[in-house]
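Trainee: Here's the letter readout for the chains.
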Amino acid sequence: MDKNVVVPPSNMGRARGGPVEKPKNMKGTLYRLWQLTKGHRKGLGKILLLSGLASGSAVLSPYMIGRIVNLIDEGEPMLRLLGVLTALYAGDWFIRFSQQFLMASVGQRMILHIRISLFEHMKKLPLSFFDARQHGELMSRLTNDVDNISTTISDSMTQLLTYVFNILGIFIVMVCMSPVLTAVAMLAVLCIFILTKIVTRRTRVLFRRQQQLLGRLNGQVEESISGFNMVKAFNREEDMLRQFSQSNDAFCQVATRAQIWSGFLMPLTNVINNLNYVLIAIVSGVMASDGVITVGDISSFLLYSRQFTRPFVDIANIYNNFQTAVAGAERILEILDEETEPADRPDALPLEKIKGEVRFDGVSFGYRKDRMILDNVSLDIRAGTRVAVVGPTGAGKTTLINLLTRFYDVNKGRILLDGHDLRDYHMKDLRDAFGVVLQDTALFGVSIRENISYGRENIALEDVVKAAKAAGADSFIRKLPKGYDTVLSQGGAELSQGQRQLLTIARAVLSNSPIMILDEATSSVDTVTEHHIRRAILKLTEGRTSFIIAHRLSTIRDSDLIILICDGRIAEKGSHEELMKQNGQYAEMYRIQMGMKG
Amino acid sequence: MKLMLRYIKRHTGMFFTAILFLTVETFADLLQPTFMSFIVDRGVKDQAPAAIYKYGLIMIGIALTGAFCAVMRNIYASRTSQQISREIRYDLYAKVQSLSFENIDRLNPPAIITRITNDVTQIQNFVNGIMRIMMKAPITCVGAVILIILQTPALFPLMLVILCVAGILIGCNMKFGYPRFGRMQRKLDKLNATSREFLSAVRVVKAFRAEEQEQQKFETASGEFAEAGIASMRVLAVFAPLINLTVNLGIVIMLFVSSHQPPDEIGKLMASVNYMTQVLFALGMVSNILNSAVRAVASSERVEEILQEEPAQRVEGSPETNRKKDYEIHGDIVFDNVSFAYANASRPAIERLSFHAGEGATVGIIGTTGSGKSTLVNLVPRFYDAPEGRVLIDGRDVTRIPVKALRDSIAVVPQKALLFTGTIAENLRWGDENASEKEIKEAAALACADSFIDTFAEGYDTVLGQGGVNLSGGQKQRLSIARAMLRKPKILILDDSTSALDAATEAKVLQGIRQAAQHMTVLLVSQRISTVMNADVILCMEDGVARGFGTHEELLGDCEPYRAIYASQIGEESSDRMKGGVEHG
Chain V
147 MDKNVVVPPS NMGRARGGPV EKPKNMKGTL YRLWQLTKGH RKGLGKILLL SGLASGSAVL
207 SPYMIGRIVN LIDEGEPMLR LLGVLTALYA GDWFIRFSQQ FLMASVGQRM ILHIRISLFE
267 HMKKLPLSFF DARQHGELMS RLTNDVDNIS TTISDSMTQL LTYVFNILGI FIVMVCMSPV
327 LTAVAMLAVL CIFILTKIVT RRTRVLFRRQ QQLLGRLNGQ VEESISGFNM VKAFNREEDM
387 LRQFSQSNDA FCQVATRAQI WSGFLMPLTN VINNLNYVLI AIVSGVMASD GVITVGDISS
447 FLLYSRQFTR PFVDIANIYN NFQTAVAGAE RILEILDEET EPADRPDALP LEKIKGEVRF
507 DGVSFGYRKD RMILDNVSLD IRAGTRVAVV GPTGAGKTTL INLLTRFYDV NKGRILLDGH
567 DLRDYHMKDL RDAFGVVLQD TALFGVSIRE NISYGRENIA LEDVVKAAKA AGADSFIRKL
627 PKGYDTVLSQ GGAELSQGQR QLLTIARAVL SNSPIMILDE ATSSVDTVTE HHIRRAILKL
687 TEGRTSFIIA HRLSTIRDSD LIILICDGRI AEKGSHEELM KQNGQYAEMY RIQMGMKG
Chain E
-11 MKLMLRYIKR HTGMFFTAIL FLTVETFADL LQPTFMSFIV DRGVKDQAPA AIYKYGLIMI
49 GIALTGAFCA VMRNIYASRT SQQISREIRY DLYAKVQSLS FENIDRLNPP AIITRITNDV
109 TQIQNFVNGI MRIMMKAPIT CVGAVILIIL QTPALFPLML VILCVAGILI GCNMKFGYPR
169 FGRMQRKLDK LNATSREFLS AVRVVKAFRA EEQEQQKFET ASGEFAEAGI ASMRVLAVFA
229 PLINLTVNLG IVIMLFVSSH QPPDEIGKLM ASVNYMTQVL FALGMVSNIL NSAVRAVASS
289 ERVEEILQEE PAQRVEGSPE TNRKKDYEIH GDIVFDNVSF AYANASRPAI ERLSFHAGEG
349 ATVGIIGTTG SGKSTLVNLV PRFYDAPEGR VLIDGRDVTR IPVKALRDSI AVVPQKALLF
409 TGTIAENLRW GDENASEKEI KEAAALACAD SFIDTFAEGY DTVLGQGGVN LSGGQKQRLS
469 IARAMLRKPK ILILDDSTSA LDAATEAKVL QGIRQAAQHM TVLLVSQRIS TVMNADVILC
529 MEDGVARGFG THEELLGDCE PYRAIYASQI GEESSDRMKG GVEHG
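Chains as they are written, first to last, in this note's numbering: chain V, 147 to 744; chain E, -11 to 573.
Just so you know, the hints here were simulated from the structure itself, not pulled from any lab data.
Treat the numbers as computed from the prediction; the structure is a model and nothing was measured.
Where a beta carbon is used, it is the ideal one built from N, C-alpha and C, also for glycine.
It is possible that some hints are incorrect.
[Claimed, not checked] Straight line, CA to CA, 25 Å or less: simulated SDA-like cross-link-like pairs of lysine to any residue:
(1) E/K33 to V/V429
(2) V/K188 to E/E207
(3) V/K270 to E/A198
(4) E/K476 to V/D385
(5) E/K178 to V/E640
(6) E/K404 to V/G282
(7) E/K178 to V/T632
(8) E/K178 to V/L271
(9) E/K175 to V/R477
(10) V/K168 to V/I481
(11) V/K615 to E/R335
(12) E/K175 to V/G638
(13) V/K719 to E/D490
(14) E/K42 to V/T440
(15) E/K178 to V/H259
(16) E/K496 to V/R477
(17) V/K192 to V/A236
(18) E/K476 to V/E383
(19) E/K33 to E/I63
(20) V/K192 to E/G211
[Unchecked claim] Part of the chain V face toward chain E, derived, beta carbon under 10 Å:
(21) S207
(22) K269
(23) L271
(24) V292
(25) N419
(26) T587
(27) A588
(28) T650
Excised from the complex, chain E in its bound form (with noise of 0.2 Å):
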């Protein structure tokens, strides 16, 4: 709610005019049955064609003014509410791109794009529906109910009643109907996750002939969301015929007592009546509101959450670093005494790492899935930043670093190739906006990604869709090389970049980006021993934790888990066979 308030005090001029026209024009509906009394009082009792006359005209204008006024307020609800929407959506936008990794692994991400999409949409139907209706059903209730005191005061205890009873009512509905709608909503996301499952897994499913099972789980599942669904509706089956019946015994209290009264003043209760059947129609809409005000309070909290999260990283450089307009990154990295643990992790996932990587080297990293080999090129570019230790960059602890600058000096390669909609040419500039395009094709065909794009009709123009989905696995990772290689970085960190490439082409990706590197460290992340035995210096990491550092060499020597990993690719056996075939080729 304080976040609706929030945007709406942006735009309070607008907010309060447009809910300034929404009265008039209410009022402009509730007159209508006063002055229809008084056409029935003054004029067909007293035989006055004239008196009907000029009432029916008098309507006829407060029906125009009604008309201009609801005009007016569309304009002004519609215009202010799209601004909020738009001035949510934004804030939400750039808050989530200021945010760290951190952040966004605690948010979940698609719980983030849920959240900018739908429920920024849910409030912006609310707080138009304030400016439409909401507003609109208060001031018909109220208003009509002093209409009709004011024309019989009789009838106030009556009007009291009523109005109590029905607010019991729609009270008493909610008290019940929420928690059942509450439980719909959960019973609906186990369906949704079982239906989930079974989509996913369905070549295990037929494998192991595991039907009958899922069927077993979904119709569970879908009985109990059904059970809940008739709980819910069975809620609103008995609360919101009894608020109709309310009124309805008002109307004929309300009969039953005019009937003391005096004849002349029929059209009186005439516009009683009438009044009473906007009554009814507006404790309609009350539920209405409370049940939409519910879904919008709960799509602003998730919403805040989120504009509330305070950024898990400082990102701004020492003051010193920052006066520096253009801060310098060498290439020289030294990992000191580094622990890391991600949150919710029962185990850090790297412990007490140390090494240095000299300016220009190449550093090998290779080691078992889990072995943190990941985790700790991701505290390069400040991904993630460590609580313990400390990352050195040119004798620099990293978090000094201004951010822009130490990424603009770094390129990442990840496992997952990630691309972005716009053409392979747009792609490739996010490396470098400048490049040429002799540039960019160099890149590219040092990355081979050259022969696949020029099969394309349209070459480099080709137009991606979102995340690239129309290139396999393979060619997303050459361009992502392409990419990276394109930024000409200081430090240039492969993450098991090569993974969907066959074996012949990864040897002509390395040995391009081998000799494109000769200036850069290169983090070279791999599981294969193949990959990184040419490096400079390769690290094994195993639990989080080093246990070898020096060359290809060395490691054989003295590292016992080097050798396990070459013995399981390579293999002794194979070691002595290895060289034959060396001499043969």
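The following block holds chain V by itself, in its conformation from the complex (with noise of 0.2 Å):
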């Protein structure tokens, strides 16, 4: 599920007085954010000065026509300064289109720069950043985060610019025509502000209320149809609709009184206004009866007036989607912060020429510090042995080929492969020395010839085709319409878990490593598929050392070792008729898999 859709800019989608995220540490995060435009600065001060000159003609042109009027007023010919207006608007208009056009190249270009840094930081993260994050949350990051902090830099920034110039610009020439004028207007001003802070202290608490709310309906919707044949098989139909009905009911009184103080802002500063144009004008008009100001100052500031508040309206939303950003971007400098994998050491050892010999010292892990997965682990494996690794689940038999990969790195003893520490080795070819089936089939939105030989350049056809009938996999994949050729969707769903499975071995049986791992591997494969796979996993596996972790006791017997793993330590090792002969925990589980009484 998606959220994130393009919109064409708009403003009115977003209430005012919002709940608005706070970023932890402004400052911080401004500083590092200045320093992710690098590259970008110049077009980015570019924009700058276009905003300020943008500016200086929005303050000018009411000054102009107010002296036109003047003119006209007298009767005197005002040509002159027509086509000074005139060159005033072509200017504005140059101005406005050159910076709309630099910014969004510059944006663009910026938020690519980053969200592919990003990309590049993260996917060289270690794999317990990703299991510990939802993946959603992470794909919001390299979307909408990242569109959000180029909305800060060149949206936000320079509108901010834009309209302190403005305040600052008419200010002054407000201040210099009528003293008197600017403090009436400035009294507006006042009342939005007092106004704006009273809405928003209301608005806040109702908004979180609301946000609670539609997080609960949400859940409610996405749980009802996720298990929609629960609530049919169980007739709860009525049920879950009354449940949704509650939380609707709720969440629209909610969101009704949100809104509603939300949409006081609006029309009250509209009000402000008005009433402060009728100040401005009755002001004015005794002023200019009295021959203080001019009627062209009238017109000035009457124009100024309506120009003048409209930016301290829109400033405080500004800074709200400004403060939201900085929030996002702290969440991206929050991953591009994370810890990389560990880099090779400076003497690392090339890996060639793998024998094979794989050693467990002393071995202690945990994904979480104070639980302990495995407990010192000792194991002596002798290149070319196939081992079987069996135990109940979560007994940690996954947690060993996550050590094995350095998917994860041991927290105490060593694994040493061909007698050195995996962790002297690149890790780039220790790696390649492994040929890994996982427990979930990742499969990819390309075709099936590339997705065996995914990880792999030039691979020829018929090298793809050996492996999927080692695999076994040949013959559905003659069957689908375009053979090898044929596209999967993501994640492969219209192929069955068995058949998805199959294509991840074939990609195993390509890689032709030296050591292979098959976790799980033929779980969800049905019987007689699994009879011919492990006829290749017989074959694939010979004279390799491999690990193969299964459910399924039927399938491991003819390994030469079997570990079975209980409670994060070694219980049995040994050939499975040494096992049945010890008579011990193996014995009793496989003769309750096997039908037998125990």
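Work from the hints to combine the two standalone chains into their complex.
Mentor: Shown next as structure tokens:
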């Protein structure tokens, strides 16, 4: 479910006084944001310069109009001034056009730059980073938050700057023309300021409540749709509807109140503006009839009075947007601050001609420091051994694999491959050394051929086919409309779980790595297919060190070594026959699974 | 659009009251410059302070009237739009609840969720906007132009030209802008897809060291998105300033024309200039309105698609069964030559399937992945209806049994255990709303769920997060089984529902079910021989076709696929060993 929708710019959707996310460290974040703009600063500078010029024309034109009105009033020729005004407007057009045109490319390029650097960093992060976060959340970092940053820098900044220029410029011109009228205009600003404070204090609470209720409502929708078959099976439609209706009503009530309160801001501001307009009209009228100011001054002032208050109204809004964006930027910086996978040691060893000797030496590991999954595990595996790892769920089987591939690093002890600590090798070589088939079958939205040769370039079709055949995937691939060129949807939804798994096995076959790791690789494949795969695996693992993790004990009987992991320790190890003879936990598990009474 | 009209119609009174207040409010704004011109022309020019105060007071009165209307309009507009969104949301949700699986599959669950949440909000914003600024902009625009013309009729052609040029510019803006924004949306979708793919496959990416490859994909996708963004922003950069320029030039021309006017009407000229700035403001609004209208229309189309969806199933029973208040089901199931294919599937999921499960029998269903096991059990509670052949319960076609009664007597334990927000007890009570605490505990014990529930501090009152996120897969499966057993159904469907349990627990759970389900017809789907081999009768499926139906021994004798599964799981050579194992044990 994607929330990102590109919207043509519009400022109507956002309710004033809506909830605002506050940044944690505004100054520090802004400083680091500034660093991110490297390479785009020239463009930004130009944009800021243009905004300054644009405010110049905004400040000058009402003044010009006032002069012209005066001339008309006095019946004098004003063509020259009109010419100046025309030139001013033309200049204004050109400035606006070039500013926006420039902003389009500078803004987008900056986003692109930040987004790519973010991804570049993200891909180097260790797996623990990804495991600890929801994908949706990370995606919104890559899209929404990055977009928001650019809004901060290019939009809000220039807007804020324009407003500050405008306010200052207009204020100076107004004071020069008439300090009294300026004071009147300031009165409105003060009123609006107070009003905004009162309203937002009220709405902040309401919007927070609204957000909570909306969360509840969305949760209910999501739940009832993802659990649709259960709702139907247990005849719970009416119940669900009643629950939903309750939340819906509660939400509606709070949302209405929030909207009414926040909706007061605009019209009331408008009223204050109007009253101010009237005040200026009256005061300036009296002053003009006394001859203190000219008619043209009235004209200029009336135009200014509108232009002067608007920025004050909007500044609060823009500042809120700004805060939200800075908060988003902080989330991005957080990711950029995450430590990447440890770099190779300077004296890292290349890994060539792997024998496949693996040794666990007092290995302890936990995903959280307070809960060890593996506890002081030691194990010697000779090159070419087919190792099966079994044990109850959560015993640490998958963890073993995570450590071997250095998805995670051990907390204590070490793992040796061919006599050297895994951490002594180049990461690149190490990962090449392992061919893996993981629990989750990750397929990509590309052709089957590309999926099988994933991570490798220039692989001949015949090699792909050979790998598919070895994995027993060839026959179903050929039945697909476009065979090996069939483009899968993301995740390969059109294939059955078993077929997906066959493809990932083919992928591992193609990798031809000296050490194979199969994590629950056959758990979702039906037993007949599994039989084929088992044969393929036997062939594949021949002469190679391999680790097979399986629920079904029938699949691993012919392993050289079976390791039973229980509560983070190695409980039993030996060949199938040996373990059956021991008549311990393994033997019991086996008998139960085979339908034999223990 | 039609959708919004339909809902607005339900609140016509409120809606038009809001519009009325909005109109008065707008006119209050519009009248200010006119009275200001009176102050200048009749007060300042004639040196009459009394006139200045008189018109000043009138202006204050108008401003206050405007304020009152604005406040009322805000209240009405907020109420109406929130009511409308509440109703649409409710109708959508109720509609979705009434749909069948076929509909849900077709509409795609994530899309449905987005529609109920985001799209409805989008519509609400728009409807509220209509009553706020959207009507205000055109009224301001037209009103200001009329007032200018009323004051200075000579300006009529000028105003006409300005409006036409502005109209054309706005039109061009849309014509060139929208396709580009559409492209931008598609590129964003692609960018999202690329990053989602990376995130969900990150283990594989790392294992196969394909980081560079992924980086390139990402760079391409974000590069294209940026290009599309630049293209659409540039359209705005061209047209928005041009609209500004048009109105500004209008002011210049207006001033030029006015130089020939009598000077005693200088107030009028000032008012006209003021109106022009209001027109400019309103025109700026018009572009915004059109933009959000496009979004709202898109949203309402998506919402409408669901509202107009025809439920794929007739859910009522036949007239005669409906008349019976409590339709009773005994649990005798017959599949009579049933074929079924999922929408968009090239092959039928099951083909000409016939078998009989007598009342109280346990039927094991085994077969390869994709052999049609789950599909076949889905037809019993009518999650789907078979277009060919009949599914009979107690001799009656299921489509002629009231769905509520049918589902009340069936309990399903799906492959993927689904739990809901609420306490454990509440979740279990789905099976039986009036279940006593004791019954709940018994059901939990039967499913071997009591042991882990007891370790929770809150026990049965432990609140589960959405979808039961705080539980492990095995725990969820056990709760799901307990929930089904609590229902004391006539028909129990176990669809590979012990897959996440370890072998020892599975055996224990199955044993418990076997005892409790003596009077139930049980459809037991599994991939493991050991799970089904004790069933009264076993149905062996392959590619949607029944390849064998009989007891374990019978199938071992004459069913080739069954033997293959048996061999692969237990193996010829080990069957001897198995016997040995039994003897030893």
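Trainee: Can you list which hints this structure breaks, lowest number first?
Mentor: 16, 19
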